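Colleague: Take the given structure of chain A and dock chain B to it, following the hints.
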Amino acid sequence: MEYVSPEGLRIDGRRPMEMRKLQAEIGVVAKADGSAVFEMGNTKVIAAVYGPREVQNRSQQLNDQALVRCEYSMANFSTGDRMRKPKGDRRSTEISLVIRQTMEACILTQLMPRSQIDIYVQVLQADGGTRSACINAATLALADAGIPMRDFVTSCSAGYLNSTPLLG
Amino acid sequence: MGTPNAVGDWSSEMEVNAFRRLFPLRYYERHLSESARYYCVPWSVCLAFCLSGAVASSDGSALAKIGSTTMLAAIKMEVMTPPVDSPEDGSIAVELHMHPICSPVVRPGRPAEVAPVISKQLFDSLLSSGMIDLKELSLIKGKAAWMVYLDIYCLDADGALFDAALLSAVAAFSPLHIPVVSLNDEGRMVMVSEELEGEKLDKEPELHLADPTFEEESIMETFMTVVLNLSGQLVSLYKPGGPVLAHTSAIQECVALTRQRTKELKEIIDEAISTMQID
Chain A
1 MEYVSPEGLR IDGRRPMEMR KLQAEIGVVA KADGSAVFEM GNTKVIAAVY GPREVQNRSQ
61 QLNDQALVRC EYSMANFSTG DRMRKPKGDR RSTEISLVIR QTMEACILTQ LMPRSQIDIY
121 VQVLQADGGT RSACINAATL ALADAGIPMR DFVTSCSAGY LNSTPLLG
Chain B
1 MGTPNAVGDW SSEMEVNAFR RLFPLRYYER HLSESARYYC VPWSVCLAFC LSGAVASSDG
61 SALAKIGSTT MLAAIKMEVM TPPVDSPEDG SIAVELHMHP ICSPVVRPGR PAEVAPVISK
121 QLFDSLLSSG MIDLKELSLI KGKAAWMVYL DIYCLDADGA LFDAALLSAV AAFSPLHIPV
181 VSLNDEGRMV MVSEELEGEK LDKEPELHLA DPTFEEESIM ETFMTVVLNL SGQLVSLYKP
241 GGPVLAHTSA IQECVALTRQ RTKELKEIID EAISTMQID
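Here the protein sequences come in this chain order: A and B. Heads up: the first sequence is residues 1 to 168, going by the UniProt record's numbering. Heads up: the second sequence is residues 1 to 279, going by the UniProt record's numbering.
So here's chain A without its partners, still in its complex pose (with noise of 0.2 Å):
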C-alpha cells in the first residue's frame, strides 16, 4: 500500500513533514486543579492536575521534593476496536511512567516537599501520536494549574518509512 504518493501526499494529504491541526483549551474540568484538552487531528485527550496536596501513602513521602504521579488511560471507545482493558495493560503502564518521568524532570519539585502532584490523563479519541498529545495536554494542564516549571515541555512523534522520514 501506498503510504506517501508519487506527488509526496500522504493519505491525509499531508506532505511528509506536515504535522496534524491542533487545538488546544485549558480549564475543561472545574474540579481538578489544572487541566486541558489537547487534539492533534483525530486524536483527542484530556488531562487533569490534581496538587500539590497531602501525600496520601505517607511511606511515599519525599521529605526534600514533591512527588510527581501519573496515570494513562484509554477510554473503551478511542480505537476502532472496542478495548477490554484499557488501564492496567502494558502498554498503558509504560506510557504512564514515560510522562511520569517526562514530568518530573521539568517541575520545580524541590519547591514543594512532602507534597503529591497528581496527571491524570485520559485518551477520547486515539488516531496515532496518543503518548505525544499526552504530554502536550500535561504540560498545559500543569501550567493551568499554576505549578512551578523550568520550561514547557512539548512533544511530537515522528517515524521512517521506507527510507522517508514522516512527522506525527
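Rather than coming from a laboratory, the hints here were simulated on the basis of the structure. Remember, it's a predicted structure, so these values are computed and weren't measured experimentally. Hints may contain errors.
[Unchecked claim] Derived DSS-like pairs: lysine-lysine, alpha-carbon spacing no greater than 25 Å straight-line:
1) B:Lys120 x B:Lys135
2) B:Lys239 x B:Lys263
3) B:Lys239 x B:Lys120
4) B:Lys120 x A:Lys87
5) B:Lys266 x B:Lys120
6) B:Lys120 x A:Lys85
[To be verified] FRET-style restraints, in silico, Cβ to Cβ:
7) A:Leu97 x B:Glu253: 45 to 55 Å
8) A:Met149 x B:Met80: 44 to 54 Å
9) A:Ile11 x B:Lys143: 31 to 41 Å
10) A:Arg84 x B:Val105: 20 to 30 Å
11) B:Thr81 x A:Gly159: 36 to 46 Å
12) B:Pro108 x A:Arg84: 16 to 26 Å
Ideal Cβ positions, reconstructed from N, Cα and C, are used throughout, including at glycine.
Modeller: This is chain B only, laid out in the frame that chain A set:
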C-alpha cells in the same frame, strides 16, 4: 477572629468562604432561607448542555453537561451470539467509568463506589422504559445479534451524576445507526421511540434542592431520583434509604418538577441532534 456569641454563631466574625467550608450545613440553611436560588428558580442556575457526535470513532456519542458535571457517552456495537434463553434478543451493556480525573476524591486503586450503582440504575431505566427494543438488535435468530456497549466517562463530577449520565445516554442513543452487516446486507436506523429525562432531587427537612452540586450532595441526608418519559409516565423512582422519609406530597412535588425539567431537556437534546453533523 472574635469569640462566638451565646448561640455559638461565628458567621458574623468570619469571612464567608471560611464559614462555608467549616459549617456547610448552617451556610446552606441561611442561604436558602433568604434566597430563591434553589427551589423556586432551579433551572436558571443549573444549565444543561448537550453535544451529539462528540466521538468520531463510535457509532453514537454525546457530551452532556449539567452545571459543571460533564459526561461523555459513546456507543460501540459488536456482533455476538445471543444467549440460549433469549435467541431473538440483542443485548446492552452499560458502564459508567469514574476515573481519578473527574474528582479529587476518586483515587487510583480505590474505585468510586457510586459508579456501579449508577451503571445499574441507568441500565434498569433504559431497559424498562422501552426506549430500546432488544428484538430490533437481532440479526439471525439464535446465531447472531448486536451487542451494544454504552460507555460513559465522567470527566467532571460536581453532583447530579445520574442526571448527566442519563442525559448523555439518551442523546447518544437518539441518532444511533446500526452498521450495515455484509452477511445479510441489512442496515437499519434505530430511532428512539421515547426519550427519558432523569431528575435528582435532594431532601432536607422541608427543603428540597433540585440538581445538587457535589458540595451540596456531601451534606445531604437523603436524595431521590425520578425518571419520566416524554409522555409524563413514570419510568423509575429511586430513593435509597436515608434518615428522612418522603411524604406523598413531597414525592408529587418532585414528580411535577421533573415534568417541567423534561420539557427543557427535550429541547436541548433536539437542538443537539439537529446541529450534529452527519457524515
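Colleague: Each of the hints needs a verdict: does it hold here or not?
Modeller: Status of each hint after checking the structure:
1. B:Lys120 x B:Lys135: Holds. Lys120 (chain B) to Lys135 (chain B) sits at ~21 Å (cutoff 25 Å).
2. B:Lys239 x B:Lys263: holds (23 Å)
3. B:Lys239 x B:Lys120: OK: Lys239 (chain B) and Lys120 (chain B) at ~14 Å, within 25 Å.
4. B:Lys120 x A:Lys87: Satisfied, since the Cα-Cα distance of roughly 22 Å is no more than 25 Å.
5. B:Lys266 x B:Lys120: holds (23 Å)
6. B:Lys120 x A:Lys85: holds (20 Å)
7. A:Leu97 x B:Glu253: 45 to 55 Å: The hint (45 to 55 Å, Cβ to Cβ) holds, given that Leu97 (chain A) and Glu253 (chain B) are roughly 53 Å apart.
8. A:Met149 x B:Met80: 44 to 54 Å: Between Met149 (chain A) and Met80 (chain B), where Cβ atoms are some 48 Å apart, the hint holds.
9. A:Ile11 x B:Lys143: 31 to 41 Å: holds (36 Å)
10. A:Arg84 x B:Val105: 20 to 30 Å: holds (27 Å)
11. B:Thr81 x A:Gly159: 36 to 46 Å: With a Cβ separation near 40 Å, Thr81 (chain B) and Gly159 (chain A) satisfy 36 to 46 Å, so the hint holds.
12. B:Pro108 x A:Arg84: 16 to 26 Å: holds (19 Å)
In the structure shown, no violation is registered for any of the earlier numbered hints.
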